[in-house]
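Could you put the whole structure together from the sequences, leaning on the hints where they help?
Protein chains: 2
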Amino acid sequence: MPQRRAADDAAPTVPELTKLSGPLGIIAGQGPLPRVLAELAIAHGVPVHVVAIRGEAHEEVEGFSHTWIKWGEIGKLFAALESHACKDLVIIGGVNRPDFGNVRLDIGAIKTLPFLLSLAKGGDDHVLSRVVRFFEEKGYHVHGAGDVAPELLAQEGKLTTKAPSAEDASDIEAAFKVVRALGRLDVGQCAVVARGRVLAVEAAEGTDGMLERCAELRKVGRTWGTRPAGVLVKAPKPGQEERVDMPTIGPKTVRLAAAAGLSGIAMAAGHVLMAERDATIKAANESKLFLFGERWDPAAD
Amino acid sequence: MPQRRAADDAAPTVPELTKLSGPLGIIAGQGPLPRVLAELAIAHGVPVHVVAIRGEAHEEVEGFSHTWIKWGEIGKLFAALESHACKDLVIIGGVNRPDFGNVRLDIGAIKTLPFLLSLAKGGDDHVLSRVVRFFEEKGYHVHGAGDVAPELLAQEGKLTTKAPSAEDASDIEAAFKVVRALGRLDVGQCAVVARGRVLAVEAAEGTDGMLERCAELRKVGRTWGTRPAGVLVKAPKPGQEERVDMPTIGPKTVRLAAAAGLSGIAMAAGHVLMAERDATIKAANESKLFLFGERWDPAAD
Numbered sequence: 001m002p003q004r005r006a007a008d009d010a011a012p013t014v015p016e017l018t019k020l021s022g023p024l025g026i027i028a029g030q031g032p033l034p035r036v037l038a039e040l041a042i043a044h045g046v047p048v049h050v051v052a053i054r055g056e057a058h059e060e061v062e063g064f065s066h067t068w069i070k071w072g073e074i075g076k077l078f079a080a081l082e083s084h085a086c087k088d089l090v091i092i093g094g095v096n097r098p099d100f101g102n103v104r105l106d107i108g109a110i111k112t113l114p115f116l117l118s119l120a121k122g123g124d125d126h127v128l129s130r131v132v133r134f135f136e137e138k139g140y141h142v143h144g145a146g147d148v149a150p151e152l153l154a155q156e157g158k159l160t161t162k163a164p165s166a167e168d169a170s171d172i173e174a175a176f177k178v179v180r181a182l183g184r185l186d187v188g189q190c191a192v193v194a195r196g197r198v199l200a201v202e203a204a205e206g207t208d209g210m211l212e213r214c215a216e217l218r219k220v221g222r223t224w225g226t227r228p229a230g231v232l233v234k235a236p237k238p239g240q241e242e243r244v245d246m247p248t249i250g251p252k253t254v255r256l257a258a259a260a261g262l263s264g265i266a267m268a269a270g271h272v273l274m275a276e277r278d279a280t281i282k283a284a285n286e287s288k289l290f291l292f293g294e295r296w297d298p299a300a301d
Numbered sequence: 001m002p003q004r005r006a007a008d009d010a011a012p013t014v015p016e017l018t019k020l021s022g023p024l025g026i027i028a029g030q031g032p033l034p035r036v037l038a039e040l041a042i043a044h045g046v047p048v049h050v051v052a053i054r055g056e057a058h059e060e061v062e063g064f065s066h067t068w069i070k071w072g073e074i075g076k077l078f079a080a081l082e083s084h085a086c087k088d089l090v091i092i093g094g095v096n097r098p099d100f101g102n103v104r105l106d107i108g109a110i111k112t113l114p115f116l117l118s119l120a121k122g123g124d125d126h127v128l129s130r131v132v133r134f135f136e137e138k139g140y141h142v143h144g145a146g147d148v149a150p151e152l153l154a155q156e157g158k159l160t161t162k163a164p165s166a167e168d169a170s171d172i173e174a175a176f177k178v179v180r181a182l183g184r185l186d187v188g189q190c191a192v193v194a195r196g197r198v199l200a201v202e203a204a205e206g207t208d209g210m211l212e213r214c215a216e217l218r219k220v221g222r223t224w225g226t227r228p229a230g231v232l233v234k235a236p237k238p239g240q241e242e243r244v245d246m247p248t249i250g251p252k253t254v255r256l257a258a259a260a261g262l263s264g265i266a267m268a269a270g271h272v273l274m275a276e277r278d279a280t281i282k283a284a285n286e287s288k289l290f291l292f293g294e295r296w297d298p299a300a301d
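Sequence order for the protein chains is E and L. Take 1 as the starting number for the first sequence in the UniProt record's numbering and just add one per residue. Take 1 as the starting number for the second sequence in the UniProt record's numbering and just add one per residue.
The hints are simulated quantities; they were obtained by calculation from the structure and are not laboratory data. Careful: at least some of the hints might be erroneous.
Lysine to any residue pairs mimicking SDA-like chemistry, simulated, CA-CA at most 20 Å apart [stated by the list, open to error]:
#, chain 1, residue 1, chain 2, residue 2
1, L, K177, E, R184
2, L, K219, E, G206
3, E, K219, L, P238
4, E, K177, L, R180
5, L, K177, E, G183
6, L, K219, E, E212
7, E, K177, L, V103
8, E, K158, E, Y140
9, L, K219, E, A169
10, L, K177, E, N96
11, E, K177, L, G239
12, L, K219, E, G209
13, E, K177, L, R184
14, E, K219, L, G183
15, E, K219, L, R180
16, E, K219, L, V103
17, E, K219, L, G209
18, E, K177, L, G183
19, L, K252, L, E212
20, L, K219, E, V220
21, L, K219, E, N96
22, L, K219, E, G183
23, L, K177, E, V95
24, L, K177, E, R180
25, L, K219, E, E56
26, L, K219, E, W71
27, E, K252, E, E59
28, E, K70, L, V220
29, L, K177, E, G239
30, L, K219, E, V95
31, E, K219, L, G94
32, E, K219, L, G55
33, L, K70, E, R180
34, E, K177, L, P238
35, E, K177, L, A181
36, E, K219, L, E212
37, E, K219, L, V220
38, E, K219, L, G206
39, L, K219, E, K158
Bear in mind that the values here come from a model prediction, so they are computed numbers and not experimental data.
Here you go:
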């Protein structure tokens, strides 16, 4: 699998995109991924319609055929997809869980109330799997961004000038162990290990919040030493719904990792999205961090 | 085991303390535990000498026979223990890992340099086990605070007016799963689960830092809803060196848990230290939090 991804990355082609029967519906949350995916689709002659979640999606999606919806406007969401004949969907970009107390529901939402209430409980993966099932029961095909556009995925091996040291390699191994253990419990997708010690583990705060905490720990001298040490490891939760919750890294991740004094970032090759690959690698080289795609077997333990 | 602890708590006696052959050496880090333990020992006719780590231990230890040492003053440490004939030791109260770059070593420390260097790497448990072995190789007996003074340990069952709800109970169960999984990897001793979702997991930031983060997540609406929900679960790492690294809770833990909007705190009965039991329970009742001692089998998985 990582092999295939690496190959895809080496010679970017987008067979999956061109195979789509009709227009691609993009349900857009935060970050640059919705725009990047829309650009790729159009570049391959696939029309898109972006359904952008207000307060989450970036305004740049207005450069494409789009509809803004608020949390709870489920009716409006499906009307937009239907009127643009989108049967193929990609749900992309992080969202914050809304406070249900502040969500106004439209008619379409009220019709699906039992489903919506079922989202108020449980871990991310539990919730996202339900969302996917919800769309598929309505006859939509939900694709992963990496499936329709494999060149968005981190490839295997060293992506930067700098490579992991022997110390980094053992921290990487330890961090992958932690991430796998956490993933099985639907906790988070990443962890930071420095010189054999687990500095931080991601849960609801997200990767950025976790990295800011590592920078803080370093400031107050809770990490020993000042030279760059430690790695951020990012990988999907085993068996998680990768179509809607694939881990991502970008230039901001790299900047925060550098601010935390880390030595580099290792990712599950083929299972982590890099929307802004060039900018991300450039940022890593400038901060003398390594980016490394670890061969990843989703089934392994 | 929890049974025995519960019994000890019900009728506080300190057989272990009175069994000590000579004076008790207390190597004191942060918090009230060193003082509370010293008071207990003296109340049972056991003389103490406190070796207080500068910048970590509270000044109140100066109320007892004591010696202040700086990080790295290993020679001074052993001189103090010898001159006060302390062969029995309790190492108690958290410490921050020093930045080795800023530690001045005395002669005694330089003699033990290979040992000290071995501490610069690895997880907490790895490090603390080495510390214990280090003292025992020198002929000292290292005791857990809970072994010499069982009334310091959290007892089994409900400690507050409020009891866990059914929802709390399932969050408690989920959180214990997470803590056990993390403990096996020497990550941390506690986690917060709210309505089935893991909000936060402790690593190097410590319990207080983790709870402050939960309060932050709640403020920014990352936790859904505003009514108190979620539990803090605290338990030792499976197989950890409990003599020097037993989890603790106190009034501050309760205040931070309340600020994070949690419903209560569950602990591994007999394996969590409550230095200020009455103040802790009082704080919990005032904030309408529950404190619950879960029966804990260190061997279980």
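Going down the list of hints, with the structure as the test:
Among the hinted pairs, L/K177 with E/R184 is consistent with the structure: their alpha-carbon atoms are about 11 Å apart, no more than 20 Å. Pair hint L/K219 plus E/G206 holds up; C-alpha atoms about 15 Å apart against a cutoff of 20 Å. Annotation: proposed proximity of E/K219 to L/P238 is violated, straight-line Cα distance about 30 Å (limit 20 Å). Between E/K177 and L/R180 the alpha-carbon distance is near 14 Å, which keeps this suggested pair within the 20 Å criterion.
Only pairs whose Cα atoms come within 20 Å are accepted, and L/K177 paired with E/G183 is accepted, the gap being roughly 13 Å. Restraint check for L/K219 and E/E212: the C-alpha separation of about 18 Å stays at or below 20 Å, so the hint holds. Between the alpha carbons of E/K177 and L/V103 the distance comes to roughly 32 Å, so the proposed pair goes past 20 Å and is violated. Under the criterion of a C-alpha separation no larger than 20 Å, the hint pairing E/K158 with E/Y140 is inconsistent with the structure, at around 37 Å.
A distance of roughly 38 Å separates the Cα atoms of L/K219 and E/A169; the hinted pair therefore is violated under the 20 Å criterion. Between L/K177 and E/N96 the CA atoms are separated by roughly 25 Å; this puts the pair beyond 20 Å, and the hint is violated. With a C-alpha separation of about 18 Å, the suggested pair E/K177 and L/G239 falls inside the 20 Å cut-off, and the hint holds. Distance restraint check for L/K219 and E/G209: the Cα-Cα separation of roughly 14 Å lies within the 20 Å cut-off, and the hinted pair is therefore satisfied.
Taking the CA atoms of E/K177 and L/R184, the gap is about 11 Å. The hint holds against a cut of 20 Å. Our distance criterion of 20 Å between C-alpha atoms is broken by E/K219 and L/G183, whose separation comes to about 26 Å. Distance hint between E/K219 and L/R180 is unfulfilled; the C-alpha atoms sit about 29 Å from each other, more than 20 Å. Simply put, E/K219 and L/V103 have alpha-carbon atoms about 17 Å apart, close enough for the 20 Å limit, and the pair holds.
A distance of roughly 14 Å separates the Cα atoms of E/K219 and L/G209; the hinted pair therefore holds under the 20 Å criterion. Proposed proximity of E/K177 and L/G183 is supported: the alpha carbons are some 13 Å apart, at most 20 Å. Pair hint L/K252 plus L/E212 holds up; C-alpha atoms about 11 Å apart against a cutoff of 20 Å. As the CA atoms of L/K219 and E/V220 are separated by approximately 25 Å, the hinted pair breaks the 20 Å bound.
A threshold of 20 Å between alpha carbons decides the hint, and for L/K219 with E/N96 the separation of about 13 Å falls inside it, so the pair holds. Taken as a hint, the L/K219 and E/G183 pair is broken in the structure, with Cα atoms around 26 Å apart against an allowance of 20 Å. Proximity of L/K177 to E/V95 is assessed by CA-CA distance (about 27 Å); at most 20 Å being required, the pair is judged violated. Note on L/K177 and E/R180: the hinted pairing holds, with a Cα-Cα distance of about 14 Å set against a maximum of 20 Å.
For the hint pairing L/K219 with E/E56, the CA-to-CA distance comes to about 18 Å; that is within 20 Å, so the pair holds. About 19 Å separates the Cα atoms of L/K219 and E/W71, which keeps this hinted pair within 20 Å; it holds. Distance hint between E/K252 and E/E59 is fulfilled; the C-alpha atoms sit about 19 Å from each other, no more than 20 Å. For the hint linking E/K70 to L/V220, the alpha-carbon distance of about 18 Å falls within 20 Å, and the restraint holds.
For the suggested pair L/K177 and E/G239, the alpha carbons sit about 18 Å apart, so the restraint of at most 20 Å is met. At roughly 16 Å between alpha-carbon atoms, L/K219 and E/V95 fall within 20 Å of each other, so this suggested pair holds. Straight-line distance between C-alpha atoms of E/K219 and L/G94 comes to about 19 Å, which keeps the hinted pair within the 20 Å bound. Restraint check for E/K219 and L/G55: the C-alpha separation of about 17 Å stays at or below 20 Å, so the hint holds.
Of the pairs offered as hints, the one joining L/K70 and E/R180 is violated, with about 40 Å between alpha carbons and a cut-off of 20 Å exceeded. In summary, the hint linking E/K177 to L/P238 is supported, as the alpha carbons are separated by about 17 Å, within the 20 Å threshold. For the given pair, E/K177 sits about 11 Å from L/A181 by alpha-carbon distance, which is consistent with the 20 Å threshold. As the CA atoms of E/K219 and L/E212 are separated by approximately 18 Å, the hinted pair is consistent with the 20 Å bound.
Using a Cα cut-off of 20 Å, the hinted pair E/K219 and L/V220 is violated, with the two alpha carbons roughly 25 Å apart. Taking the CA atoms of E/K219 and L/G206, the gap is near 15 Å; set against the 20 Å cutoff, the hint holds. With a C-alpha separation of about 40 Å, the suggested pairing of L/K219 with E/K158 is violated against the 20 Å cut-off.
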